[in-house]
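**Student:** What follows is each chain in one-letter form.
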Amino acid sequence: MKAAVIVFPGSNCDRDLAVAFERAGFDVSMVWHKDADLPEGVDIVGVPGGFSYGDYLRCGAIAAQSPIVKAVKAHTDRGGYAMGICNGFQILTETGILPGALLRNAGLKYICRTVGLKVATSDSAFTEGYNAGDVIGIPIAHHDGNYFADGDTVAMLHDQDRVAFTYDQNPNGSIADIAGVLSENRRVLGMMPHPERAADDGHGGTDGVALFRALAGVLTPA
Amino acid sequence: MKARVHVMLKHGVLDPQGEAVRHALGAMGFDKVEGVRQGKVIDLQLAEGASEADVTAMCEKLLANTVIESYSIEMQG
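Protein chains in written order, with my numbering: chain U, 3 to 224; chain Y, 6 to 82.
In isolation and in its complexed conformation, chain Y is listed as follows (with noise of 0.2 Å):
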């Protein structure tokens, strides 16, 4: 079975990547961009049995940083 965490900084934290990122499009004429926001995705490949209060522990210890990250996960059968 499979699931995916998404990884992405908190609402109200700066994400100076993103906001490049924006600048970037804005400067190639897609001007109906207004905003950006850069995160990860993070595939796991887990043995049967595996839980998603499995993956919450794992995101919660080390794959996110909930200090200015917030995580959701999908399960993927």
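Only chain U is shown next, with the shape it has when bound in the complex (with noise of 0.2 Å):
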């Protein structure tokens, strides 16, 4: 059970991310940007948060141009896993692969602290560990997190239950309490709420935990 991680110039969050990944039970290789392809036989890419190219032009678009997002791309073409939290959910948002985009928190004020984030499906294999309606506390630091989607794209997120967490409280002005969404194929998640930084006791809660052992569970080879 494999897991990569990219890293780019200003990824902060790669090596949590590790941690909760290997601690779930992966093998986990750390992916330079610049490298053009993911290491052989990767089940989940994670793109971590951070200030990918100093967050310049928007946040995450030059990362989107980056040798190794056209392989994560080509992967999550092919049907594989991938998650990107924070700065990785703007970039995965950037590159096509998730709809929407993510604007400048509506108080615009950065904001870093723990937040309510309701679990709104359990169908995918991120949420299975929780239940619909769950609300678990899970850190926030970002900002531009304020999800917005045009009127008929919210409207299919819904229709297929492709939302998979809201805030319990909207911190920063998304549409429709957004927080999470997951691709058509229910297999990439981008987020902007931090679950690999409340995955271990000392960080306060561990309320992040479930999402990547459920994530163990499917990719584990039968």
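Worth flagging that the hints you see were computed from the coordinates, not collected in a lab.
Watch out, some of these pointers could steer you wrong.
When the alpha-carbon atoms are kept at most 25 Å apart in a straight line, the in silico DSS-like pairs for lysine-lysine are as follows [unchecked claim]:
no. : chain 1 : residue 1 : chain 2 : residue 2
1   : U       : K36       : U       : K4
2   : U       : K4        : U       : K72
3   : U       : K75       : Y       : K66
4   : Y       : K66       : Y       : K7
5   : Y       : K45       : Y       : K66
6   : Y       : K45       : Y       : K7
7   : Y       : K66       : Y       : K15
8   : Y       : K15       : Y       : K45
9   : U       : K75       : U       : K36
10  : U       : K111      : Y       : K45
11  : U       : K111      : Y       : K15
12  : Y       : K37       : Y       : K15
13  : U       : K72       : U       : K36
14  : Y       : K66       : U       : K72
15  : Y       : K66       : U       : K36
Using the hints, put the two chains back together into the complex; each one sits in its own frame.
**Tutor:** In structure tokens form, the structure reads like this:
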């Protein structure tokens, strides 16, 4: 069971994400953004949080054009699993792998605190360790986490049960309180909150662990 | 030759920075400001032979995120 965590100049949650994957039982490779290929046999790609390329132009815009992201796109096009957290979510929307975009927070301030996150669906490899309706405590740390998609797209996400998480109390102006979304095949998750920062007793909370464990359960070879 | 690209948030997409500027202007006594939208200007220095179609491709692929932004191009001789 192999995970790859992409490292961009400016990534700062890559090691935390690697530890969360490792504790769930994954062999983790760190993959530099200039590499053109993912390691052989990768089951899931993690696109971590941070400030890739200094957030120049738009958050995630430059990273979305890097060689490794083309390989990530090929991986998800083949039906491979991937998750993007925070800046990773921004990158996955910039590539078009996930719908929508992340705008500046409505209150214009960077927000760093633990929020109540409602599990909107348990129907995915990422969320099946929770019950729909559960409210879990997961930290957010972002300036541009205000999810936006046009009305048709939001309706489609709801119709197809592709909203993974919503905010219990919307901190950033996200449309329909959306905090995380799934791809059409439900194998790609993008979310602004940081489950890898709620994965150890030392973090002050462990509500993120169930996500990594569920993923490991689904990806364990039979 | 040069091109100037203007990138703006689309109508209907909330622009919190523009709103903050509008509030500040109001607080300073500029009471005739009814709305502010903030965008970006990107100047490109282009080699001879570059076309507006090239710049359009740059906008579509990188300079603008067309989910949330619109753009316009001025080719400048």
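**Student:** Does each hint hold? Answer for all of them.
**Tutor:** Taking the hints in turn, this is what the structure says about them:
A distance of roughly 20 Å separates the Cα atoms of K36 (chain U) and K4 (chain U); the hinted pair therefore holds under the 25 Å criterion. Proposed proximity of K4 (chain U) and K72 (chain U) is supported: the alpha carbons are some 19 Å apart, at most 25 Å. A distance of roughly 15 Å separates the Cα atoms of K75 (chain U) and K66 (chain Y); the hinted pair therefore holds under the 25 Å criterion. For the hint linking K66 (chain Y) to K7 (chain Y), the alpha-carbon distance of about 19 Å falls within 25 Å, and the restraint holds.
Between K45 (chain Y) and K66 (chain Y) the alpha-carbon distance is near 16 Å, which keeps this suggested pair within the 25 Å criterion. The hinted pair formed by K45 (chain Y) and K7 (chain Y) meets the criterion: a straight-line CA distance of about 16 Å does not exceed 25 Å. Taking the CA atoms of K66 (chain Y) and K15 (chain Y), the gap is about 17 Å. The hint holds against a cut of 25 Å. Pair hint K15 (chain Y) plus K45 (chain Y) holds up; C-alpha atoms about 13 Å apart against a cutoff of 25 Å.
A threshold of 25 Å between alpha carbons decides the hint, and for K75 (chain U) with K36 (chain U) the separation of about 15 Å falls inside it, so the pair holds. A distance of roughly 20 Å separates the Cα atoms of K111 (chain U) and K45 (chain Y); the hinted pair therefore holds under the 25 Å criterion. A distance of roughly 22 Å separates the Cα atoms of K111 (chain U) and K15 (chain Y); the hinted pair therefore holds under the 25 Å criterion. The hinted pair formed by K37 (chain Y) and K15 (chain Y) meets the criterion: a straight-line CA distance of about 23 Å does not exceed 25 Å.
Taking the CA atoms of K72 (chain U) and K36 (chain U), the gap is near 11 Å; set against the 25 Å cutoff, the hint holds. Restraint check: the Cα-Cα separation between K66 (chain Y) and K72 (chain U) comes to about 14 Å, which is no more than 25 Å; the hinted pair holds. Straight-line distance between C-alpha atoms of K66 (chain Y) and K36 (chain U) comes to about 19 Å, which keeps the hinted pair within the 25 Å bound.
Consistency note: the structure conflicts with none of the earlier hints.
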